[in-house]
Amino acid sequence: MTLNQLNHMEYMDGMEAIKSNIMDQVLNNVADYDYRQYTDQDVKRALAKEQISIQDYAAILSPAALPYLEDMARKAMLETRKHFGNSVCIFTPLYIANYCENHCVYCGFNCKNKIRRGKLSNEELEVELKAIAATGLKEILILTGESRLQSGVAYIGEAIQMAAKYFSTIGIEIYPLNTEEYAYLHQCGADFVSVYQETYNTNKYEQVHLRGPKRIYPYRFNAQERALMGGMRGVAFGALLGLDDYRKDAYAAGLHAYYIQQKYPHAEISFSTPRLRPYINNAENNPNDVHEKQLLQVMLAYRLFMPYAGITISTREKSVFRDNVIGMAATKMSAGVSVGVGGHMEEEKGDEQFEISDPRSVYEVHQMILNRGLQPVYTDYIRV
Amino acid sequence: MSDKLIIGGHEFQSRFILGSGKFSLEIVKAVVENGGAEIVTLALRRANLGGEENILDYIPKGITLLPNTSGARNAEEAVRIARLAREMKCGNFVKVEVIHDSKYLLPDNYETMKATEILAKEGFIVMPYMYPDLNVARSLVNAGASAVMPLAAPIGSNKGLCTKDFIQILVDEIDLPIIVDAGIGRPSQACEAMEMGVDAIMCNTAIATANNVALMSKAFKQAIEAGRTAYLAGPGRVLNNKAEASSPLTGFLED
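For the protein sequence lines, the chains are L and B, in the order given.
According to this note's numbering, numbering within the first sequence proceeds without interruption in unit steps and concludes at 1514.
According to this note's numbering, numbering within the second sequence proceeds without interruption in unit steps and concludes at 513.
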């Protein structure tokens, strides 16, 4: 089959290429990562240390570390409390559009799927923002699919400006942009940027991103750096765990964040841990499967490697899992979530990207956090 | 005996300043009461004034607020946050905190100095959080600071007086209240700092992460008072453990 596909490692026209060696560093590290070589002793040694090195991080992500999950959790809990105290930040995502030009084989929004597409008009957006603000939230994450035609930078910028009237903290989870575009959205009121590499394995990445600008691996990889160059305050990293070898992907995401922090020491770093859920009756069969135990291992490894980084726990996870990881590894959670386009007040204008497992309201999540002896935090950022 | 802590012309009985950033808000009151704190810090970025979980709803009346500029990456941002705090009726005190390292959260002394100078001129009672460096401390005095707040160890580390010798130099040389901020993990460490002649202790994580926060707050209060009393009493002579020469070294002057 000749698809006349683009070379996934070459930039398309209009994509800004920055001078950076972080991608090469990460890819070299991952190429050398053989998690089967680590032993009990490596894990024990790593866990006895105050500051975990890259080698130690490799060890605690390995299968040899699974029997030590409890020890990792205890150490992670201490680190989380040391750096974040009792605080747990709460926020909600708002999908403003779901048009998409990418064909990513794993995604519900992909351009081949016959789903309801839509985007919020200014009037609809205002209603949604008001409804969310009325729950008391001060932090919002604005999301779109990747369509410069339907949801271009100007449209997103306008949405951010409207959101800035109601929210003190605005993050964006949209397609990767050039530095100047990030600078523009920063000027509109956004300060935090999430871009997930999905998989760091370039071959797998090519296989699952068949068409669209997302196919271009290095442009996506360098998005966080361009965002910081554009003046953004914080950047989030993550791999879609289970899409490929999740240990290698988590290792790569950790190193990606680590090298960015070294180069941009002021940047606020955070992780998300979305996963492809294993199919029922398929347990233990596929080494890529990420069950809750494996997911927790990844979260704990992130925490121990970068104890100062934020970790967000997704609504894709069950409430019992979410409730137990806050204060231990996670520092931020969403509440009152709708993953269709709009849906907080107006009827949804487009279908959902995925199914959520935790439908609790802001009030319910707030109460749960208090009941666990932790402190719900609505705002942790001041824009000056 | 009158032994008051005086900062910017304001008198305080207590030498325990409570940092609030890591607490569950519902226990702040108990911690303030048990620790006898008269000053409580307030991170403006966290405050959510008028909204859910607003810290001002939890701080008892009569407490002096010490808004900090956490979140500022440079002097300009710190100045803007301080002005915002004043507009929001959080008073005239400000703890200048300028950090642009998300990993260690170490203060940037140079930017801190610049912000201190601007804010002092605007009439703020400026308490800069700094890495203990004598030259910087002297510049902060000249810039109009009302106290100097050197760190004992990285924020949240509970490691104690890692910078002890340098804090001692500030105590000896700087004619402003020296308030140890960050790193104090145990009451015994707070006590030791106070014995050295430090004027007050700011504490947050060590209490917030204790099993019984109210009790730990009380322990800090007692430790800080004990250390202060010991300092005022003067160390016992056994601590000056230099051997006495059998014949006076200066005896030759009499010959």
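Hint data in this document are derived by calculation from the structure and do not stem from the laboratory.
There may be inaccurate statements among the hints.
Said to hold, decoys possible - On the chain L side, residues computed to face chain B include the following (Cβ under 10 Å):
no., residue
1, K1179
2, R1211
3, A1261
4, T1265
5, R1363
6, Y1389
7, Y1394
8, H1496
Owing to the predicted nature of the structure, the values given are computational and were not obtained by experimental measurement.
Think of the CB as a built atom: it goes at the ideal place given N, C-alpha and C, for glycine as much as any other residue.
Here is what the structure says about each hint:
At a threshold of 10 Å, the smallest CB-CB gap from L:K1179 to chain B is about 15 Å, leaving the interface hint violated. Contact between L:R1211 and chain B, as hinted, is supported at the beta carbon level, the nearest pair being about 5 Å apart and thus within 10 Å. Interface restraint check: L:A1261 against chain B, minimum CB-CB distance 16 Å, threshold 10 Å, status violated. Among the interface hints, the one on L:T1265 holds; its C-beta lies about 9 Å from the nearest C-beta in chain B, closer than the 10 Å criterion.
The beta carbon of L:R1363 comes within 8 Å of a beta carbon in chain B, closer than 10 Å, and the hint placing it at the interface holds. For L:Y1389, the suggested interface contact is broken, since its CB lies about 13 Å from the closest CB of chain B, more than 10 Å. A cut of 10 Å between beta carbons decides the hint on L:Y1394: the least distance to chain B is about 9 Å, and the hint holds. Nearest Cβ of chain B to the Cβ of L:H1496: about 7 Å, under the 10 Å cut. The hint holds.
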